[in-house]
Amino acid sequence: MMEFLEMGGYARYVWSSYAIVLVAIVLNIVWARRALKRAQAEARRRVTMRDAA
Amino acid sequence: MSAGLTPALEAARLVMARDLHLAIRRPGEVLQPLVFFAIVTTLFPLAITPELAQLRQVAPGVVWVAALLASLLALEFLYRDDAHDGTLEQYALSGQSLTWLLFAKTASHWLLTGLPLAIMAPVAALALGAPKGSVSGIIASVAIGSIALSLLGAIGASLTLGVRRSGVLLSILTLPLAIPVLIFGARATQLAMAGEDIAAPLYLLGAIAVLGITLAPLAASAAVRISLE
Amino acid sequence: MAWTWFHRLASPPYVYSLAARLTPWFAWPAALLIVTGLYGGLVVAPPDYQQGEGYRILYVHVPSAWMSLMVYTTMAAAAGIGLVWRMKVAHAVAASCAALGATFTFCALVTGSLWGAPMWGTYWEWDPRLTFELVLLFQFLGYMGLRAAIEDVQRADRVSAVLAVVGVVNVPIIHYSVEWWNSLHQTASVMKLSKPSMPPEMLIPLLMTGLGFTLLFGALLLVRLRAEVLSRERAASWIREVVAGEAARA
Numbered sequence: 001m002m003e004f005l006e007m008g009g010y011a012r013y014v015w016s017s018y019a020i021v022l023v024a025i026v027l028n029i030v031w032a033r034r035a036l037k038r039a040q041a042e043a044r045r046r047v048t049m050r051d052a053a
Numbered sequence: 001m002s003a004g005l006t007p008a009l010e011a012a013r014l015v016m017a018r019d020l021h022l023a024i025r026r027p028g029e030v031l032q033p034l035v036f037f038a039i040v041t042t043l044f045p046l047a048i049t050p051e052l053a054q055l056r057q058v059a060p061g062v063v064w065v066a067a068l069l070a071s072l073l074a075l076e077f078l079y080r081d082d083a084h085d086g087t088l089e090q091y092a093l094s095g096q097s098l099t100w101l102l103f104a105k106t107a108s109h110w111l112l113t114g115l116p117l118a119i120m121a122p123v124a125a126l127a128l129g130a131p132k133g134s135v136s137g138i139i140a141s142v143a144i145g146s147i148a149l150s151l152l153g154a155i156g157a158s159l160t161l162g163v164r165r166s167g168v169l170l171s172i173l174t175l176p177l178a179i180p181v182l183i184f185g186a187r188a189t190q191l192a193m194a195g196e197d198i199a200a201p202l203y204l205l206g207a208i209a210v211l212g213i214t215l216a217p218l219a220a221s222a223a224v225r226i227s228l229e
Numbered sequence: 001m002a003w004t005w006f007h008r009l010a011s012p013p014y015v016y017s018l019a020a021r022l023t024p025w026f027a028w029p030a031a032l033l034i035v036t037g038l039y040g041g042l043v044v045a046p047p048d049y050q051q052g053e054g055y056r057i058l059y060v061h062v063p064s065a066w067m068s069l070m071v072y073t074t075m076a077a078a079a080g081i082g083l084v085w086r087m088k089v090a091h092a093v094a095a096s097c098a099a100l101g102a103t104f105t106f107c108a109l110v111t112g113s114l115w116g117a118p119m120w121g122t123y124w125e126w127d128p129r130l131t132f133e134l135v136l137l138f139q140f141l142g143y144m145g146l147r148a149a150i151e152d153v154q155r156a157d158r159v160s161a162v163l164a165v166v167g168v169v170n171v172p173i174i175h176y177s178v179e180w181w182n183s184l185h186q187t188a189s190v191m192k193l194s195k196p197s198m199p200p201e202m203l204i205p206l207l208m209t210g211l212g213f214t215l216l217f218g219a220l221l222l223v224r225l226r227a228e229v230l231s232r233e234r235a236a237s238w239i240r241e242v243v244a245g246e247a248a249r250a
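The listed protein sequences derive, respectively, from chains E, S and F.
Heads up: the first sequence begins at 1 in this note's numbering, then just goes up one per residue.
Heads up: the second sequence begins at 1 in this note's numbering, then just goes up one per residue.
Heads up: the third sequence begins at 1 in this note's numbering, then just goes up one per residue.
So that you can see chain E by itself, here it is in the shape it has in the complex (with noise of 0.2 Å):
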């Protein structure tokens, strides 16, 4: 387990661009759906406004 985590001395780099890219994913995923969210809410805001109107 250590001797993999090692990496054969290169862990640094390995794991590290590892956690890069992860990071980038999953920050893309909660952005996407951050997005999407937000124009949900926003869609509903306008119906109930325009209902109400």
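Please note that a few of the clues may not be correct.
As the list claims (entries may be wrong) - Short derived list, chain E residues pointing at chain F, Cβ under 10 Å:
| hint | residue |
| --- | --- |
| 1 | Met2 |
| 2 | Arg12 |
| 3 | Ala39 |
To be verified - Pair by pair, the computed Cβ-Cβ distance ranges are:
| hint | chain 1 | residue 1 | chain 2 | residue 2 | range |
| --- | --- | --- | --- | --- | --- |
| 4 | E | Asp51 | S | Gly167 | 43 to 49 Å |
| 5 | E | Ala41 | F | Met198 | 44 to 50 Å |
| 6 | S | Glu29 | F | Pro29 | 56 to 62 Å |
| 7 | S | Leu218 | F | Glu201 | 45 to 51 Å |
| 8 | F | Ser11 | S | Arg13 | 47 to 53 Å |
| 9 | S | Arg56 | F | Leu9 | 55 to 61 Å |
| 10 | F | Glu151 | S | Arg56 | 48 to 54 Å |
| 11 | F | Gln154 | E | Arg38 | 18 to 24 Å |
| 12 | S | Leu69 | F | Pro29 | 44 to 50 Å |
| 13 | E | Phe4 | S | Ala207 | 50 to 56 Å |
| 14 | S | Gly206 | F | Ser183 | 19 to 25 Å |
Stated by the list, open to error - Chain S is faced by these chain F residues, among others (derived, beta-carbon under 7 Å):
| hint | residue |
| --- | --- |
| 15 | Val135 |
| 16 | Gly145 |
| 17 | Ala149 |
| 18 | Arg158 |
| 19 | Val162 |
| 20 | Ile173 |
| 21 | Ile174 |
Keep in mind that the hints were calculated from the coordinates and are not lab data.
Here a beta-carbon is modelled for each residue, glycine too, at the ideal position from N, C-alpha and C.
Keeping the supplied structure of chain E fixed, place chains S and F upon it in accordance with the hints.
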């Protein structure tokens, strides 16, 4: 009316004559990029070293980056006034092809910035230690390269027409597109300074310029039309 | 009519519901492929005979670099379709691509630099591929900057579409000129592993992560596209049905 010209050529001649006239009336706008070029190339010896042996190594890069920035600076004048006073709109409505008229406009822009830069570039290069024999090669490379730069710049300037304070954005859009020109142009200058054959990079610069001549006015006219809508 | 599917794609409500239905078909296979691909790359694949364990960065670097180009091409193609057929949905696709592309181009750059660091002994070498990715990142940022600078959405769509199309014509020129430039100065690229020597245990995980990233891009694009379509069509009447449908499901 000069006899024997087709309407399209006559229109192009009028556009170019108008731009050149305006430039003669306002020489400051033409000279500013050239002064800028001279100042930038002066900064490098001050920042690096006065030793010509060392400057000679960076001279092609310095000359080309300075030329690139100077031509970028000149782009601000390319459409700004014409968009402001409605001239571009008249061009679009004139019945002549807008693409063709913008091509003529870009050609006069090159005469006013690219060509003078091509003449100034060897002076700057000589001051940075280039040998005398390299002058013609440097003129050729900057002259051809600046055709491509003017055309790429025309695209950038037309894209940023409707944007306020567009200077920085214009640079960010245009500079990445200009990278091939920079690479081949600096290489040609480097070879010219080493006294070698500059044909290969010059052909590549020429190819980019030809590609630009065929495609850039199309893109520019599309962008100008969008901004006029 | 053979073209009805194309015309349907021009209809925002159809695209909105289609994107919602398609998203899981992209997202789950993407997750599966990326997880197994990375497991294969990290655990199953043997170390490289020259670069040892360090080459394993390949399994995130190459898919990121591949994705950066794919996103740019998709963006330019969508922008071109939007320009030619005046298709609002196509512009929405292009607009959804930019931020995705920029982040993965950034990833390709950083992982490339981290890969090069132990091999070159420095974090940055003017490697042609890295330089190319850097220029690509500038192009993404320029596109985003231009969009942000124009307030009117429709005008921003069309102006930035011209930029995207011009950019995609330039991408191969930049690629070859950078290769040419590099060949003059001879810095060996570590990102090129010789292909024939790559055994299947190394190659298959790479293909899996590559496909996984492609599907991930698809899924993210679909979600962003829905958000984009919804906020562009806020005045349209079909929005009411979407809101009602979501309320019914919740």
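Verification of the hints:
1. Met2: violated (13 Å)
2. Arg12: Arginine 12 (chain E) check passes; min Cβ-Cβ to chain F is 8 Å, inside 10 Å.
3. Ala39: Interface hint status for alanine 39 (chain E): holds (4 Å vs cutoff 10 Å).
4. E:Asp51 x S:Gly167: 43 to 49 Å: holds (47 Å)
5. E:Ala41 x F:Met198: 44 to 50 Å: holds (49 Å)
6. S:Glu29 x F:Pro29: 56 to 62 Å: holds (59 Å)
7. S:Leu218 x F:Glu201: 45 to 51 Å: Taking Cβ atoms as reference, leucine 218 (chain S) and glutamate 201 (chain F) lie about 50 Å apart, which means the hint holds.
8. F:Ser11 x S:Arg13: 47 to 53 Å: At roughly 49 Å between Cβ atoms, arginine 13 (chain S) and serine 11 (chain F) fall inside 47 to 53 Å, so the hint holds.
9. S:Arg56 x F:Leu9: 55 to 61 Å: About 59 Å separates the Cβ atoms of arginine 56 (chain S) and leucine 9 (chain F), which means 55 to 61 Å holds.
10. F:Glu151 x S:Arg56: 48 to 54 Å: Holds, since glutamate 151 (chain F) and arginine 56 (chain S) (Cβ atoms, about 49 Å apart) stay within the stated range.
11. F:Gln154 x E:Arg38: 18 to 24 Å: holds (21 Å)
12. S:Leu69 x F:Pro29: 44 to 50 Å: holds (48 Å)
13. E:Phe4 x S:Ala207: 50 to 56 Å: holds (51 Å)
14. S:Gly206 x F:Ser183: 19 to 25 Å: holds (20 Å)
15. Val135: Check passed: Cβ of valine 135 (chain F) comes within 5 Å of chain S, closer than 7 Å.
16. Gly145: This hint holds: glycine 145 (chain F) lies near chain S, its Cβ roughly 5 Å from the closest one there, short of 7 Å.
17. Ala149: holds (5 Å)
18. Arg158: holds (5 Å)
19. Val162: holds (5 Å)
20. Ile173: Hint on isoleucine 173 (chain F): holds, closest Cβ of chain S at ~5 Å, below 7 Å.
21. Ile174: OK, holds: isoleucine 174 (chain F) within 7 Å of chain S, min 6 Å.
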